[in-house]
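Peer 1: Single-letter residue listing:
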Amino acid sequence: MGVGDRYLKMGRFQTFPRLIVAGLLLGLFFLVRPGWAAPTSAIPDEFQQQVKPVLRQFCYRCHGGEKTKGDVNLTKFENAHSVERDPKLWRTVMEKLRERDMPPDGKPQPSEIDRQRIVNWVHTTLSTMQVKVKNPGRVTIHRLNRAEYNNTIRDLLGVDSHPADLFPVDGAGGEGFDNDADTLFIPTILMEDYLKAADDVLKQAKPDRFIKIKPGDSVTKEEAARKDIAAFATRAFRRPVDDLEVDPFVRLFDHADREGKSFEDSMRFALKGVLVSPRFLFRIEQDRDTNQPYRIDDFELATRLSYFLWSSMPDDELFAVAKAGDLHEPAVLEKQVRRMLKDPKAKALGEQFGSEWLQIRELKSTVQPDRRRYPQYTPAVRDAMYDEAVDFVNSVFAEDKSLLTLLDADYTFVNRDLARIYGIDGIKGQDMQRVELTSGKRGGVLSMGAVLTVTSYPLRTSPVLRGKWVLEAILGAPPAPPPPDAGKLPADDRNNTGLTLRQTLEKHRANPQCASCHNRLDPLGFGLENFDAIGRWRDTQAGAPVDAQGVLLTGEKFSGPSELKKVLMTGHKDEFIRNISEKMLAYALGRGLEYYDQPTIDSIVRAVEQDDCKSSRLVLEIAKSYPFEYRQAQLPARQEASAQP
Amino acid sequence: MTSRLSRRTVLRGMGVMMALPLLDAMDIPTPRAAGAIEAAVGVKPALPVRMAVLYMPNGVNPNAWAPKSTGKLDELSPALAPLEKVKDQLLVLAELMNQGSIGGDGHYVKTSGYLTGTTITKTTGANLRSGGVSMDQLAAQRIGRETAMPSLELGIDPVTTGVDTNVGYTRVYGSHIAWSTPTTPVAKEISPRQAFNRVFRPDTAGGKDDRSILDLVADDAKNLRNKVGTADQQKLDNYFDSVRALEKRIDFDAKRRADQNHVSKQQLEAIEAMDKRIQTWERLPEHMEHRRLSRGGDITEHVRIMLDLMVLSFWTDATRVSTFMFGNAVSPRNFSFLDGVHGGHHEISHHKNDPEQLRQYLLINQWHTAQYAYMLEKMQSIQEGEGTLLDHSMVMFGAGMRDGNSHNPHNLPLVLAGRAGGSISPGRYVEYKKQTPLCNLYVSLLKRIGAPVSHFGDSTEPLAGLDDAQFVSQS
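Chains as they are written, first to last, in our numbering: chain A, 1 to 645; chain B, 1 to 475.
Just chain B, same shape as in the assembly (with noise of 0.2 Å):
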């Protein structure tokens, strides 16, 4: 049974000062949503729904990814197989694209505008233009109040340097899924030191000092802003939003404090054991050396820490909305040391259908689902009210493009797991028509968050049968 420790005994326990909400992991409150979110989806959720979106570079092999039959789950895919284990949580959907992907480039539009579903615009910098809010940043802009941080954005690999000569466009555009603005991608977090330190020790967001300085700069954000030009504007937001977004996890914590809150044992172990973790894996030499930049090192143990905080921020409602990226778009990391696999991820997507580069495509696909996997396995094994995490949860997997090959954002491949608080009837595999909107899916997470939109990109209408478990796609 879970006891409950003062915040006093939390910080000398681990000497540190914790940004948790502290609670018993049986009081998460009800949403203030959830009326909106019985008004949208019919079903009141007890606990708040969480929702988070891996994205994987590169796409994937097209032969390997599809389940044999729709309807039940039953035998996996090749690329699926590494879910067998939690494959009535997953919903496979197929048929889904994203319009606004298509032409311009191969790769960065696939990656920036994958959860806008916008077009960018083409530049190397100057009018740089996502087209719209990505729709994990329209939900924490909407629900994001409730929690210590409206959304948290991790991944592994720095923002890739450079412009792409070859087609015009800023590699900025390849390494952001995520969009607060059209003109403002959020940066995501690598480092698991750094990571675990945002969600767990609030001093470094400083405390009521740093809310005078705050205060003042904000001020005089505010005052310049009315002396200079359109771009230089959108620099000063940009500065001004950020800094009341510390302001507002200030405020946060500081109520936190003043509530005595709790936190629940269990919590506490394993934010103490994520903390060692984390220090044994910054003890490798090569992370030693380049603490920020995730190189060599062990790729996987990297990857699971930054998905165990997305899994621990959730259960301790530190954040509702998160994003990882496994890599940035035209990601070449070396995947060789996946035994059978020789040769970078981008270079070995463009298979040409060559069985032997699907082959060892394939394998990278599997790395990723098991890494997808592992992470919905830690959410079932937490319980939650009268389930679990993953219960009270939407995952979706996916990659911007079909099949690396051809850069096609036509049937993307896309995975949802978790039952959003009921809402969400998974085990099965669905097959819309063709080219129904990935944005249809957006409205439809949106629902179930308690962010609700009529529409969202190019979304026609909430996608249908995601709670109905008979559901067939009228083709």
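With the rest of the complex left out, here is chain A (with noise of 0.2 Å):
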């Protein structure tokens, strides 16, 4: 089970009690500490303190002296020390805590504040534990997604047709991506729809991307069959193929052959098994004969590195580099990667990277504002947020801005309709175009109508969602769940009970309970109070004007958007940066992050950090680092199970 990824959220909050605990509630009791990489057995007193009373108060009736239900016995426990030599117990103690599952219903349950005081210790004592692992992981085989499958085409058969837009949406998985190898399926009717994909590309493609050599005087159909196959299956396997590899294929030729079909359409019938083949739908690295890791061939590499940066397979160049052997020398790898991100293929960073951790999908499924109430929002509208977004991420890779440029930038990309939601005059056509930014109200994508819709209810903003989008999107720091009996605000801003939203949810906080989470969310929701449901500005809001102030729990305070966005790259650099190299990170590898990949984690952002934040150095560093680079090696299956006991 995903020991790993339970390791990894305890890593991410690592960041989150230096945002909430300084202040009011949590500070008062502890963790409030600069240097947070201090080792947890500096501190043993806080279990004492803090913890004990509260598992003896309400745990230790079943899980420790008479009763040890479930065979848990948390009285054994006496320090941080020894809570580090059972990281599987504690971590399941803490998701029991979080998600309120313990203590059971009908018993009595610690205060709010207990509550996520023990996840909290939890979380940092076993974040904070040396890894002492060295291990790159192991990503599933990858089945192409569907933009994967599009790009892949486009690059293979120069056919740009898009044929997978119809095929099922890919679910995601790991930190939230739908390249994450484990959530992609092979689902009947996607099988059906890539035998029809296969016949619709193969007729549009010209015959010259698949016939280089054609049977003539000196080369028989068979022979020139055979060459044109293996030239092409190479190219969709992403590596060398065999004899062994192309027979089946070359079999296919011939039983077209025999029919009297055309050698162009022979070819065709073969090559229609190499797009469904499961050598082509699925990325596979084949594994080696040993225990230890090892590291990845180079045109796995390569593969590796064309589905990070363009989600398409490798070109000619990066075959040719792969092929000589060299790719993995850092200089070698490190020149290909700036030349890739230059390439307008790149783009697909903004589009399938961009667009995920944004989380801004749903701009296109199911986000609805109302009609009614915002008749400007119209589907040119939407889908131009959701380009701005795309195009404003890409270019910071593009042009190797600095990471931070995300947070806040003096420019962005609109088209017409979009600049009237923003108010930007002299906009002409539905082209995205680049614009400056002069009014100090927009910049980075905090402000960005795409962001802005999603965090938001049909006929209201929602300063909770935009909080929770602030904390999971930027900061790395995911809140809990609410609670059952969490309160309900009117679905409409515009209500009637004398409150503003701000009001409800300010009587919402003054309940302590409830104030343990909210003070982490809200403060950050008010900041882009400013802009309304689908992300126009507004200094009024219901006749009043706009409440835009914030404190956070660290005491920066803040009004309006632009001021939020400066405490965010002053106080909270850290953990944004820590945060998106995380994201990227899983997002490169396809699956999620485990507990081992801090180490390397922890120096990307040290390497990201000293080279000014540059897009290029993240980029550089997850195709340099060891899981990247390296692959665990795992037994066939069939002698694993046997070698088990």
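Some hints could be false.
Pair by pair, the computed Cβ-Cβ distance ranges are [what the hints assert, rightly or not]:
{"hint": "1", "chain 1": "A", "residue 1": "Ser559", "chain 2": "B", "residue 2": "Arg359", "range": "33 to 41 Å"}
{"hint": "2", "chain 1": "B", "residue 1": "Thr280", "chain 2": "A", "residue 2": "Ser559", "range": "51 to 59 Å"}
{"hint": "3", "chain 1": "A", "residue 1": "Asp410", "chain 2": "B", "residue 2": "Glu356", "range": "41 to 49 Å"}
{"hint": "4", "chain 1": "B", "residue 1": "Ser212", "chain 2": "A", "residue 2": "Ala231", "range": "18 to 26 Å"}
{"hint": "5", "chain 1": "B", "residue 1": "Ala254", "chain 2": "A", "residue 2": "Glu264", "range": "26 to 34 Å"}
{"hint": "6", "chain 1": "A", "residue 1": "Ala320", "chain 2": "B", "residue 2": "Ala254", "range": "45 to 53 Å"}
{"hint": "7", "chain 1": "A", "residue 1": "Val551", "chain 2": "B", "residue 2": "Thr280", "range": "50 to 58 Å"}
{"hint": "8", "chain 1": "A", "residue 1": "Gln204", "chain 2": "B", "residue 2": "Gly42", "range": "55 to 63 Å"}
{"hint": "9", "chain 1": "A", "residue 1": "Asp254", "chain 2": "B", "residue 2": "Ala254", "range": "18 to 26 Å"}
{"hint": "10", "chain 1": "B", "residue 1": "Ser454", "chain 2": "A", "residue 2": "Asp242", "range": "45 to 53 Å"}
{"hint": "11", "chain 1": "A", "residue 1": "Arg416", "chain 2": "B", "residue 2": "Asp88", "range": "54 to 62 Å"}
{"hint": "12", "chain 1": "A", "residue 1": "Lys212", "chain 2": "B", "residue 2": "Thr280", "range": "41 to 49 Å"}
{"hint": "13", "chain 1": "B", "residue 1": "Thr300", "chain 2": "A", "residue 2": "Lys88", "range": "44 to 52 Å"}
{"hint": "14", "chain 1": "B", "residue 1": "Thr280", "chain 2": "A", "residue 2": "Pro344", "range": "37 to 45 Å"}
For the record, the hints were derived by calculation from the structure and aren't laboratory data.
Ideal Cβ placement from N, Cα and C applies to all residues, glycine included.
Quick one: dock chain against chain with the hints and give me the complex.
Peer 2: Structure, rendered in structure tokens:
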């Protein structure tokens, strides 16, 4: 079971106490220390003073002393050190508390404050443990996702018809990306689509894309076919192929040829086989005969690199470098990465990584602002919002800007319709165009229509959802889920209670049980209240001036989005850089992060910060990282099963 | 009366290939499992029994669901009111619970565990596991050989992307109720056109030539399988199973073709009408734009097309098992298109006992019930053998939680319609003993469709009283 992904979450939470604790509630009790990385063994008293009394009061009855339900005895733990020795158990304790599974319904419950306090303490303790194992992880074989299929077909056959747009939508996993190998499946209806798409794209492709050698005086039909198939399969399978692998497709060619089909059509038939082969649809990395982690070969590295940066197959140059066998040389790798980032195909970083990191895909499915309230929100505006975010993320990588540009920038991309929403004059046409931002109201992802709309309800903004978004997407510190009896705000901000949304929320936070989470969530959202539910600027709301002031638990005060951004960029830069590094590493690997990735993340963050947070540094460090270049060996399952006791 | 048309005429008439079983409605064969069904429930169905599940996200308004009194269904509750015309076809079942979906998360396990009766593995991706095969897929695996498609999975929303970092689950869980293995969710078709093509145009599934290609790649997958680790093997198995399923489909269609089967005139007309209706729907600008994504546009018509496709598939015996999802877990669908509703589904389902929220919640529930009623009425209007299509079916409708405000999988809102060929006696409201396993119902449904099992999930026994008009639960 995903031991690691729980650890990872703890890793993230390293940052969260700094944000939330220093101020009002939890800080009074504990965890207010600068120098977060201090070893936990130096602070054993916290367990005795803060954690144990709560355990004694609420947990020991069933999990200690006389009863040890579920074989869990919490009385044997006396300090952080002993907790570190059983991380598995304490991870479970943390989760059960965090999700309010424990204590069970009907038994006395600790206060929210105590609950959060223990959760935070366990997080901190486990996440500051030294990671001693060196493990590059093992990525499950990847099925191409929809975008990867489209782009690969485009680069393989020169057909840019996006056949996969009609395929079933891919689910996401890991850190939230739909290139996560574990959540990509091949249902029957997709297999059916693959056959159909293969037919279609081979019909659309120009024959010179797949026929290089024609039968003639010096070359027989069979020889030509075999060579053409081998050449195509080499590109389609993204590595050299041997005769044995080509044979079945040559048989397909023969089959069609015998039926009297032309050379071209017989080739199409053979290549249809290639396009539905598992060797094309999956990115398969060959196992080695070893039980040690091993460096993947240069073709595999080229493939990882091209799907990371382009969501597509390697191009001729990358193949050539891989074939020469020196892609893994740091200088060669760096040269290729820099070249690839400048290639227009790198816009896939914005389209795939960017859209999922920012959680804006829902804009194109379930998010629906109320049509009567927001008639300005048309499908065209929605698409422009989406494209703005994608183009903007793309620009940060294409132009090698600082990653902090993502938080605040003096430019963005709009078309006429979106410019109207933003109150920018003089923009004509429906093409997205770069504009300088001068008003000080906008710039960076926090003020983008796409983000502001997906974090709103149909009839109003939601400071809570926006706060949650900032915690997740920017700071990498997702809050716990609301308890089942959490309050509810009116659906519409034009309500009759006499209270503004803000006042209602403040009332909610007056309850200390609620405050433990909402003191983190709400202020971040309040800072964005100058943007309405479709991202338009507003100075007043329901007749009153917008109150966009907030105080973070770390004590920083701000009013309005630009001050909020400053606070995030100064006091919380580290969290942001760490978070985006984690997200991008997970995206690059196509798997969820594990506890053993922690040293890799630490070193990436250091390198990025030392290089002025340049976006290319992040990409380079990921490309050169241990998990990206290595793979954990695993015996084939057959042997593994028999090897187990 | 039905007039028989040759396959050729059909093809000319529609310009498409028909994947129909091409039978006259009167000629649908006795299911191979008829004997097993008779042994299990004592009634031998003359026609195949069909089973459908309609899943509704976000629970129901608990105050407006239950009818006033048990026994004969007389006065329906507000939430069920749209079912007035078909109330004598309904069994409203109370106090069933899904033990497997308690704890863990509020939504995801209530969706992916709905038909499996199991607890899901908490993960954002690695080691994803539903805990079991869903009961519809179990049925499909047992009786699916008899039809062109073992089962048909439909919905209107794409898989929800992303992971829920709050609770640590991938949203894949919340997007699937059908699981063909504990590690394989079955994707649903959400595009009316694609769904229509899959059922009624086998050319999209390839022909004899594709068969040879599929054979070849299946062999290759088998070879690769021996060279990779466990998780990789699961992926290749998934690939292999899908290839095999397509091969079966191709073989099935070829056999039908060789048999020179026929389709009834009414069926043909219904298929043609459906084709035109989908064309009309597709022409709406919103659907032109994102044909796979349902947003805006006419949600009601989208749902009805999908439900009609299901009915048509049952009627033509293209499949006997089907599921439909009104939405994914935590569906935020904006229901402001209903008069008196202002806001999103999930948001409103957290009503906090506020009367205004509960009122809107009920309106949303009623909309779902009304679509269910639409489907049942359609099935009732189709004559089949001595009765109607509905008489030979079991159509289950419900949610994975009682009340969206408390996420409680006790006393699940549940309606079962149809007579399953005579072994169900509907028109009643039955209240079972508290905490009766939902899986008991699944055991009873599986018996009736010809896939009997002794246990399913946490079942203790078959659900009593489905066929007994006088049944009263001993509580």
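Peer 1: Checked against the structure, which of the hints given earlier come out wrong?
Peer 2: Result: no hint breaks.
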